[in-house]
Amino acid sequence: MGYAGKVLFIDLTSGTHRTEELNRTWAQLYFGGKGLGVKYFVSMTAPSIDALSPENRVVLMTGPLAGTIAPCSGRLSVTTKSPASGTILECGVGGTVGPEIKFAGYDGIIIEGRANDPVYAVVDDDKVSVHPAGDLWGRGCHDTELMLKDRLGEEFRVISIGQAGENLVPMACLTSELYRQAGRGGVGAVFGSKRLKALCIRGRKPVRVPDMTEFMKVVGELMREDCLTDTNLWARTDGTPLLVEASNSAGILPTKNFQDGVFEGFKTINSESVRSVRQRKNACFACTLACGNYVRSGGAVVEGPEYETLALAGSNCGISDLDAVIRFNAACDDLGLDTISTGNVVAFAMELTERGIHDFGMRFGDIRPYLEVPGLIARREGIGSDLAQGVRYVAEKYGGRNFAMEVKGLEIPGYEPRGAWGMGLAYATSDRGACHMRAWPVADEAYGTLDPFTTEGKAALVIGGQHYNAIKFSLIVCDFWAISMENMARLASAATGRHVTSEELERAGERIYNTTRLFNVRAGFRRAADTLPDRIFKETLKTGRAAGRTYPKEEFERMLSEYYALRGWDEEGVPTPTKLEELEIS
Amino acid sequence: MLKFYGDKCFGCQACQLACSAEKLGVFSPRLSLLKVSVRFSKTDRSVLGFVCNACGRCADVCPVEAIVMRCGPKIDSDLCTSCGLCAEECPQGIILQDEEGKARICDFCGGSPACAGWCPAEALRWEV
Amino acid sequence: MEYYQHEMFHRNAPMEHGQSVSEIPSCGVMVVLHGSLERYAPPGQGRRMIVHLPRGRTMADLIDIIGIPRQYVSFGAVNGVRREMNQELKDGDEVALFTPLSGG
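Chains as they are written, first to last, in the working numbering: chain A, 1 to 586; chain B, 1 to 128; chain C, 1 to 104.
Same shape as in the complex, but just chain A:
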């Protein structure tokens, strides 16, 4: 119960498909979403493969809550190997595509192989088919989605790639419902390498829970007591743009390629400004928080811009013009580009230009070239052919290695680690390179009551956050509901019909985190890769709360050793056999 009981495999090489019974043992150990997706992925895929080869897979996985009325359960987990970082890559996407897969009768869809020519796949309940996508290839995500809905019917949910994915850009994302992305690490390029333009889903089967009366009672209580409270309702009133002012006040708003943590132009890109152009609020399926802001500004409309876009493509590029950020955002969504990595590479090019290292023809705050870059990157034209390869590649080619803001090849999101030392560890030990969604210690450090400028206690804090998020993204509850572990256990019990404890969830979180780590270790990652760019350790911020403070590398390394020890990993960051056995990982 809580599960559809089937997993669909689509082989693009042969154009065939098959279904398998859901592996119930794995579902018990990994629950769903991230955990189960990762388990399926690592069980079938060698860590050494080239991410853009036909041997790579994309695992789309729902969780036991998908399709139910449980709030914030509408997301879908996507797992593959990242062409940007070479690590395992798990991303989430909102909207309705996840629940639709469940309504079609599947817990997950696994895409394998490579088509000879561009195709799109259609999953209409039990009917699965693969069709030529010649007329869609070369088009943006928006055209693609709207054309497919015209062709197949309004009811179909679409997840597609734009030109960036087709051209194998390692910062290409998947887009669904025009403005929702599985953003990071280049999953769009993996679709592109498989010549899969889009996946369309319609599901007309009901989703069942073991005891509907009990389920509705639990969800109703949690909604009142834990969800629709002042702890979470910022999502409804503002959404993520609220973080612009919060981060700026705390001195951790990435500014001009992480040269500062305070942006003098923050007032024109903060939440009040976004609210002033907001048309309406939008929610994912079954979400009561509705963080989405549908805005209209100048000629552009977008659902967004989210904090990460405002930070990385706003302050980090020295751009304080909200209209420009919105247009950049809309362009990236259509081309199928991750705004975090795209914003980062633009900021890096701006700094290289300003420092005279290489002339990319743009400086901080230059709007005109900034708005041209997404198109150039997606088509790999002009400067776009270099910038498309990401910050690490550009640094290796032109210089600026010490201020190339990436970890394992994935560009850093919107929280400056010098103003939240634990966040540095979270970036360094994230399972997919610099990511803010594995642990979020900034909540306690920058915005909370913990001292941000110490490494004391941060290893345990980060580990706790990594386990919490790992299991949360496996049951699939959205990040934005700060639900307690106990209440997650109540939800999991109500959905699966077996008694699930918070201890069991905690342990599953640890199991999932070790499973992704093991894949990365087997792909060759060790301690040396668990680090941060030199800028973080060698330069200080000029303004704000963290101004003038150094983040000593020795302290970071000591914290990293403590982190490994607490995890039961050796000094190189390799999980020990005892730990793996304890967690039932093979």
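Hints in this document: simulated from the structure, not taken from any laboratory. All C-beta atoms, glycine included, are put in the ideal place defined by N, C-alpha and C. Any given hint might turn out to be false.
[Stated by the list, open to error] Under the rule of at most 30 Å between Cα atoms (straight-line distance), these lysine-lysine pairs were calculated in the DSS-like manner:
#	chain 1	residue 1	chain 2	residue 2
1	A	Lys267	B	Lys8
2	B	Lys23	B	Lys3
3	A	Lys205	B	Lys3
4	A	Lys205	B	Lys35
5	B	Lys3	A	Lys149
6	A	Lys149	B	Lys74
7	B	Lys35	A	Lys217
8	A	Lys6	A	Lys256
9	B	Lys102	A	Lys127
10	A	Lys6	B	Lys35
11	B	Lys23	B	Lys8
12	C	Lys90	A	Lys542
13	A	Lys553	A	Lys538
14	B	Lys74	A	Lys217
15	A	Lys149	B	Lys8
16	B	Lys8	A	Lys127
17	B	Lys23	A	Lys217
18	B	Lys102	B	Lys42
19	A	Lys256	A	Lys553
20	B	Lys35	B	Lys102
21	B	Lys42	A	Lys217
22	A	Lys217	A	Lys205
23	A	Lys205	B	Lys8
24	A	Lys205	B	Lys74
25	B	Lys3	A	Lys397
26	A	Lys149	A	Lys127
27	A	Lys267	C	Lys90
28	A	Lys217	B	Lys3
29	B	Lys8	B	Lys35
30	B	Lys102	B	Lys8
31	B	Lys8	A	Lys6
32	B	Lys42	A	Lys267
33	A	Lys542	A	Lys267
34	B	Lys35	A	Lys553
35	B	Lys35	A	Lys149
36	A	Lys579	A	Lys553
37	B	Lys23	A	Lys127
[Claimed, not checked] Where chain A lies over chain C, by a calculated footprint (3+ residues, C-beta under 8 Å):
#	stretch
38	50-62
39	73-85
Dock chains B and C against chain A, hints included.
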């Protein structure tokens, strides 16, 4: 009366899930007796809502008088002949037929509609 | 922008004997209630309001005066910079209060 305010709705579909849970004990937007549809184009996003407004058309067209209007439509399934006329005629398009073809019609849950109760946006309201 | 003199002021700043209202040493601060904290503003107020306080009051005092339960304020900033709760407020300060935040 059940009232839908499209400007407030953010499209979560909790109303439809609450309906199918209440009436059938499953979650299925497509089996719910109201419809909320998020339409988007490149320049706009809107939410269309279709709920029973007790217009009485179903009762009017029912050839065997299985449907009576009492606050909302009430159907006597024993009388229903599965002809499907009411579903065809419903201006909101929200009357469904079960596996036997018998009509399923919104009855406002007897005056305390689950859909409005679960709406987190105050977009769907039961106004007496 | 609308201005509002918070009624709680009178309850929290007892007048000294023989002192007229105009003689109470006070300071006016602009408060911005971010996120759902806006519901602690008087109805129809939006999220900005001016609160008058006796001199020497801190950010923590201000939060109590407005009546927000402390667990719902993660931190506050004075004039755009995050400050501790015992920060003393001055006339003309802009105080931004934030709810707990999650995700990103």
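Checked hints:
1. A:Lys267 to B:Lys8: This hinted pair holds, its Cα atoms lying about 28 Å apart.
2. B:Lys23 to B:Lys3: holds (20 Å)
3. A:Lys205 to B:Lys3: holds (28 Å)
4. A:Lys205 to B:Lys35: Satisfied, since the Cα-Cα distance of roughly 16 Å is no more than 30 Å.
5. B:Lys3 to A:Lys149: holds (29 Å)
6. A:Lys149 to B:Lys74: violated (36 Å)
7. B:Lys35 to A:Lys217: holds (24 Å)
8. A:Lys6 to A:Lys256: Cα-Cα ~48 Å, so violated.
9. B:Lys102 to A:Lys127: With a Cα-Cα distance of about 27 Å, the restraint between Lys102 (chain B) and Lys127 (chain A) holds, given a limit of 30 Å.
10. A:Lys6 to B:Lys35: Roughly 28 Å separates the two Cα atoms, so the pair holds.
11. B:Lys23 to B:Lys8: The hint holds at about 25 Å.
12. C:Lys90 to A:Lys542: Satisfied, since the Cα-Cα distance of roughly 25 Å is no more than 30 Å.
13. A:Lys553 to A:Lys538: holds (8 Å)
14. B:Lys74 to A:Lys217: holds (27 Å)
15. A:Lys149 to B:Lys8: Satisfied, since the Cα-Cα distance of roughly 25 Å is no more than 30 Å.
16. B:Lys8 to A:Lys127: violated (36 Å)
17. B:Lys23 to A:Lys217: holds (16 Å)
18. B:Lys102 to B:Lys42: violated (40 Å)
19. A:Lys256 to A:Lys553: holds (23 Å)
20. B:Lys35 to B:Lys102: Roughly 19 Å separates the two Cα atoms, so the pair holds.
21. B:Lys42 to A:Lys217: violated (39 Å)
22. A:Lys217 to A:Lys205: The given pair, whose Cα atoms are some 23 Å apart, holds under the 30 Å limit.
23. A:Lys205 to B:Lys8: Judged against 30 Å, a Cα distance of about 28 Å means the pair holds.
24. A:Lys205 to B:Lys74: holds (26 Å)
25. B:Lys3 to A:Lys397: violated (62 Å)
26. A:Lys149 to A:Lys127: It holds: about 17 Å lies between the C-alpha atoms, which stays within 30 Å.
27. A:Lys267 to C:Lys90: holds (22 Å)
28. A:Lys217 to B:Lys3: holds (25 Å)
29. B:Lys8 to B:Lys35: Roughly 15 Å between the alpha carbons, so the hint for Lys8 (chain B) and Lys35 (chain B) holds.
30. B:Lys102 to B:Lys8: violated (34 Å)
31. B:Lys8 to A:Lys6: violated (37 Å)
32. B:Lys42 to A:Lys267: It holds: about 28 Å lies between the C-alpha atoms, which stays within 30 Å.
33. A:Lys542 to A:Lys267: Holds, at about 19 Å.
34. B:Lys35 to A:Lys553: Roughly 57 Å between the alpha carbons, so the hint for Lys35 (chain B) and Lys553 (chain A) is violated.
35. B:Lys35 to A:Lys149: It holds: about 18 Å lies between the C-alpha atoms, which stays within 30 Å.
36. A:Lys579 to A:Lys553: holds (28 Å)
37. B:Lys23 to A:Lys127: With a Cα-Cα distance of about 28 Å, the restraint between Lys23 (chain B) and Lys127 (chain A) holds, given a limit of 30 Å.
38. 50-62: violated (count 0)
39. 73-85: holds (count 6)
When each numbered hint is compared with the structure, violations occur for hints 6, 8, 16, 18, 21, 25, 30, 31, 34 and 38.
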